[in-house]
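From just these sequences and the hints, can you work out the full model?
Taking our numbering, the leading residue of the sequence shown gets 13, the next gets one more, and so forth.
Bear in mind the hints are in silico, worked out from the structure with no lab data behind them. A couple of the hints might just be wrong.
Said to hold, decoys possible - What follows is a list of derived Cβ distance ranges for each label pair: (1) T75 - G175: 38 to 48 Å; (2) I123 - D208: 37 to 47 Å; (3) L273 - G173: 25 to 35 Å; (4) T64 - T111: 40 to 50 Å.
Backbone N, C-alpha and C fix where the C-beta goes; we use that ideal spot for every residue, glycine too.
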Amino acid sequence: MTQHVSLFARVSAALSVAAALLTAPTLARAEDPKFSMGKLDDVKDIKDVVWTATGEAGLIATTGNSQSTTITAGANVIRKDVANKFEGSLTGTFARATTRVATDLDGDAAISENELSEATATSAENASLKLRYDRYLTEFDSLYIAALGTVDRPAGKELQGGGQIGYSRSLYKTEDHQALAELGYDLSYLRLDAGDSTAIHSVRGFVGYKGKIKKETALEASAEALFNGNTLTFGERESKPFRDARVNGMVGVTTSLSSKLSLSASFAVRFDNFPAPLAKVGDLPFAPGFEPAADRLDTTTKITLIVKIL
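The structure is reproduced here in structure tokens:
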């Protein structure tokens, strides 16, 4: 009985945090940035190679008066040995909805049978892959290298791929809390849905925190900032060096329900001061000289059950 009460308390605590996160305004975006924080404690007690893997998936489908489909999926794998850590993560979301459209074709201020139709549109279509390797030098210092790939069509990005390299330093560490900072270089190749492509050379800064609130519950928060070192041009728009600030932030809480099952709630925000041109809406192109940009701000709120596979 005590065990059931404890489990209920943990679920209630996590859902309370999730409810607070859900009160924040959100936009339809599936990409949930997961920031890896490498530290020597991850591998100091490891004598042999250790693998861990987790996965998550979700589906919402409605028919009838409301027709929509939303699919989300994610996976994470980690390999550790005495002085090295490799982590790979993959996330993706697809959302599509059909709505009724009324068009007053004859201008009589009333909708006839032939003026009522349906329109289907995709509101989310993105995926993100990240591979990262950490090499630990001391208890507080490490080097990292990462490869990244993203597809986000509603944001006008047909493909964004690149890599990161840099130095990581532990700022504060106790048995239950860790804070660190990273400084490095980021290279991104961006191919736009509008057809153009460009390379972005950026300075990358990162700060992150991980800690235990209770024995079974952990809190994570992080912020990443990238500033372009080269001039960017999208159509008639131009961004000088250090004007294309991109900021990614997240806060999340995870509580263990059992040795194989966890409940996670997170809120993530992504800001791009020089967003890509908006992808084509419908079948027709934009008029000459009209080049709308994608939104600068995207947010994601997630509540997920995580299953530990290995």
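Q) Has the hinted range 25 to 35 Å been met by the Cβ atoms of L273 and G173? A) holds, 34 Å
(Q) Can you tell me whether the CB distance of I123 to D208 sits inside 37 to 47 Å? (A) Between I123 and D208, where Cβ atoms are some 40 Å apart, the hint holds.
Q: Hint says 38 to 48 Å; check whether the CB-CB distance for T75 and G175 agrees.
A: holds, 43 Å
Q: Go ahead and decide if the range 40 to 50 Å is satisfied by the Cβ distance of T64 to T111.
A: Taking Cβ atoms as reference, T64 and T111 lie about 42 Å apart, which means the hint holds.
When each numbered hint is compared with the structure, no violation occurs for any of them.
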